[in-house]
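These protein sequences, in sequence, are chains A and B.
Residue numbers for the first sequence follow the UniProt record's numbering, so the first one is 1 and each next one is one higher.
Residue numbers for the second sequence follow the UniProt record's numbering, so the first one is 1 and each next one is one higher.
To be clear, the hints were calculated from the coordinates, so they are not data collected in a lab.
Treat the hints loosely; a few may be bogus.
Chain B stretches covered by chain A per the calculated footprint, using a threshold of three residues with CB under 8 Å from any CB of chain A [claimed, not checked]:
#1 56-64
#2 215-224
A short list of chain A residues far from chain B (calculated; beta carbon distances all over 12 Å) [stated by the list, open to error]:
#3 Q86
#4 D87
#5 D98
#6 V99
#7 A101
#8 E118
#9 D123
#10 V148
#11 V228
#12 S240
#13 H246
#14 A276
Chain B side only, calculated, beta carbon under 8 Å to chain A, not exhaustive [said to hold, decoys possible]:
#15 G93
#16 V94
#17 D195
#18 Q196
#19 L197
Note that the Cβ used here is the ideal one computed from N, Cα and C, for glycine as well.
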Amino acid sequence: MPPPPALEIRGLVKTYGEATVVDHLDLDVAPGAVTALLGPNGAGKTTTIECCEGLRSPDGGSVRILGLDPVRDARELRPRVGVMLQDGGLPGSARAHDVLAHVSKMYARPRDVAGLAERLGIDTFARTQVRRLSGGQRQRLALACAVVGRPDLVILDEPSAGMDPQSRRAVWDLVRELRADGATLLLTTHLMDEAADLADHVVVMDHGKVIAAGTPDELTSVEGDSVVSIEARGPLDPTSLRGYLHRLAPGDWAVHHVEGHRYTVTGAVNPRSLAAIGTWAAEHGVLLTSISLGRRTLEDVFLDLTGRSLR
Amino acid sequence: MTATTGAAPRTARLRAQAGFEVRAVLRNGEQLMVTLLLPALLLVGLVRTDVVSLTTDGATTVDFVTPGVLALAVLGASFTSQAIATAFDRRNGVLRMLATTPLGRRGLLAGKVLGVLGVELVQVVVLGAVALWLGWSPDPAGIATAVLALVLGTAAFTALALVVAGTLRPEGVLALANILLVVLVVAGGVIVPADQLPGVAADLAQLLPSAALGDALRAALTHGAFPVGELTLLTGWAAALWALATRVFRWS
Numbered sequence: 001m002p003p004p005p006a007l008e009i010r011g012l013v014k015t016y017g018e019a020t021v022v023d024h025l026d027l028d029v030a031p032g033a034v035t036a037l038l039g040p041n042g043a044g045k046t047t048t049i050e051c052c053e054g055l056r057s058p059d060g061g062s063v064r065i066l067g068l069d070p071v072r073d074a075r076e077l078r079p080r081v082g083v084m085l086q087d088g089g090l091p092g093s094a095r096a097h098d099v100l101a102h103v104s105k106m107y108a109r110p111r112d113v114a115g116l117a118e119r120l121g122i123d124t125f126a127r128t129q130v131r132r133l134s135g136g137q138r139q140r141l142a143l144a145c146a147v148v149g150r151p152d153l154v155i156l157d158e159p160s161a162g163m164d165p166q167s168r169r170a171v172w173d174l175v176r177e178l179r180a181d182g183a184t185l186l187l188t189t190h191l192m193d194e195a196a197d198l199a200d201h202v203v204v205m206d207h208g209k210v211i212a213a214g215t216p217d218e219l220t221s222v223e224g225d226s227v228v229s230i231e232a233r234g235p236l237d238p239t240s241l242r243g244y245l246h247r248l249a250p251g252d253w254a255v256h257h258v259e260g261h262r263y264t265v266t267g268a269v270n271p272r273s274l275a276a277i278g279t280w281a282a283e284h285g286v287l288l289t290s291i292s293l294g295r296r297t298l299e300d301v302f303l304d305l306t307g308r309s310l311r
Numbered sequence: 001m002t003a004t005t006g007a008a009p010r011t012a013r014l015r016a017q018a019g020f021e022v023r024a025v026l027r028n029g030e031q032l033m034v035t036l037l038l039p040a041l042l043l044v045g046l047v048r049t050d051v052v053s054l055t056t057d058g059a060t061t062v063d064f065v066t067p068g069v070l071a072l073a074v075l076g077a078s079f080t081s082q083a084i085a086t087a088f089d090r091r092n093g094v095l096r097m098l099a100t101t102p103l104g105r106r107g108l109l110a111g112k113v114l115g116v117l118g119v120e121l122v123q124v125v126v127l128g129a130v131a132l133w134l135g136w137s138p139d140p141a142g143i144a145t146a147v148l149a150l151v152l153g154t155a156a157f158t159a160l161a162l163v164v165a166g167t168l169r170p171e172g173v174l175a176l177a178n179i180l181l182v183v184l185v186v187a188g189g190v191i192v193p194a195d196q197l198p199g200v201a202a203d204l205a206q207l208l209p210s211a212a213l214g215d216a217l218r219a220a221l222t223h224g225a226f227p228v229g230e231l232t233l234l235t236g237w238a239a240a241l242w243a244l245a246t247r248v249f250r251w252s
């Protein structure tokens with residue numbers, strides 16, 4: 001029998017006025033693993049996790065955190081759940097180190113503040129007021145506050161937004177270490193590589209619903225499918241290319257516009273269909289400046305599922 | 001792992017939050033001005049100069065002015081300073097973040113009230129020292145009553161601060177909290193007793209918590225009296241404003 005989920009959401013509904021932000025959402029977060037909630041801005045990710053943090057009351061459905069109710073059992077849960085809010089929630093006039101030291105005092109056996117500050121590079125701006133910190137520095141401080149109490153469950157809302165690559169690596173290393181120590185992590189992100197590299201389990205969300213879930217491998221490997229990324233000198237007509245490929249090799253072809261003059265072609269790619277893309281381009285006077293063959297990425301999965309780019 | 005995690009004891013959490021709040025005020029220039037510098041300047045100015053002539057009802061000027069200045073200080077710390085700090089903390093998500101730690105929402109509120117009382121302790125020590133240096137001789141019989149009035153006034157004005165900070169945008173709170181402080185000081189019976197105000201202002205001011213606090217402190221510290229009416233009014237205001245605050249305060 002698998003262990004009970006660290007976090008269990010059933011039929012969660014949250015509405016703001018007319019808008020249904022979370023729409024009958026089901027979600028399980030496995031204990032001791034990293035689960036990424038992936039989706040574009042406005043997908044309902046933050047609202048979902050705020051219901052888990054006890055900051056919002058659901059309009060329908062149920063949420064269980066470590067087997068408890070996030071609102072009714074808040075007092076029992078607060079020491080066990082570490083939270084990093086999207087806006088950080090840090091007092092602007094206080095110094096960085098003082099904030100971390102202050103939050104650590106709320107816990108019976110906090111992590112060593114100096115050690116944690118050094119790990120996340122907070123020691124380099126320890127005496128700077130929060131309002132003078134860069135976005136990435138604030139994120140690191142907020143993350144430190146979320147984990148300083150040695151929580152069993154860590155909920156991170158967009159943990160590496162606005163961070164430089166080096167800070168991001170420090171954050172990812174810490175997340176992996178927390179997992180190795182037995183903590184459960186739930187994070188939201190709209191960064192594909194963050195979800196792919198960091199998460200054991202990815203839940204793709206859009207319009208308040210889960211539209212796909214699985215390990216990054218499960219999500220990206222569809223039997224027989226691969227992706228061709230092409231770039232043209234000018235715009236091209238995706239519908240025309242799709243129709244051409246479909247006539248040549250009937251099947252599930254998809255052509256998506258990525259950005260600029262870049263497109264992705266998804267389907268049963270083989271030498272013949274690859275050549276057909278070139279032929280179509282020649283017939284339509286389109287000059288292809290780049291053509292490359294690859295495995296599906298989470299971004300392709302998202303494009304296929306929603307027809308939209310994540311950015 | 002569960003066995004080793006847990007919250008710090010409640011008293012430790014509250015002490016930490018109260019200390020954090022007090023340090024935030026004492027390290028902030030504008031907050032220091034409202035809570036300490038302004039009352040101290042007013043105290044010295046009113047006692048040592050004749051810019052404003054006061055009817056002191058037979059008391060010495062310093063004995064008459066000091067209770068009002070203490071009321072002003074309480075107003076600055078529990079209302080103006082607290083409203084502005086809480087409004088910005090609310091916008092920056094600080095209230096939500098701290099509510100997710102073992103401190104919780106109640107602990108956060110309790111910590112804020114204790115923090116205000118901590119700032120007021122500093123105010124009473126500093127302003128009291130300045131007043132004593134200026135020749136203040138408070139009636140010892142009224143000190144306990146004065147402390148009660150300070151606590152009730154703090155409750156009323158902290159609740160008012162939360163009402164304002166929990167409903168308006170920080171910019172609005174910044175303006176309102178400062179304007180209201182000035183209006184209450186000039187026409188709210190804080191320094192000048194309500195019954196000395198001209199015309200209808202006197203009747204109106206007498207109903208305000210600011211006048212109840214000012215008049216209660218003057219009665220207690222100058223005459224050693226126990227002003228039942230003012231203390232009752234202050235209790236009523238505190239109860240009503242807390243009821244309102246719990247109703248309208250929004251955490252985000």
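Report the numbers of all earlier hints that the structure fails to satisfy, in ascending order. The structure conflicts with hints 1, 2, 3, 4, 5, 6, 7, 10, 17, 18, 19, although it agrees with all the remaining ones.
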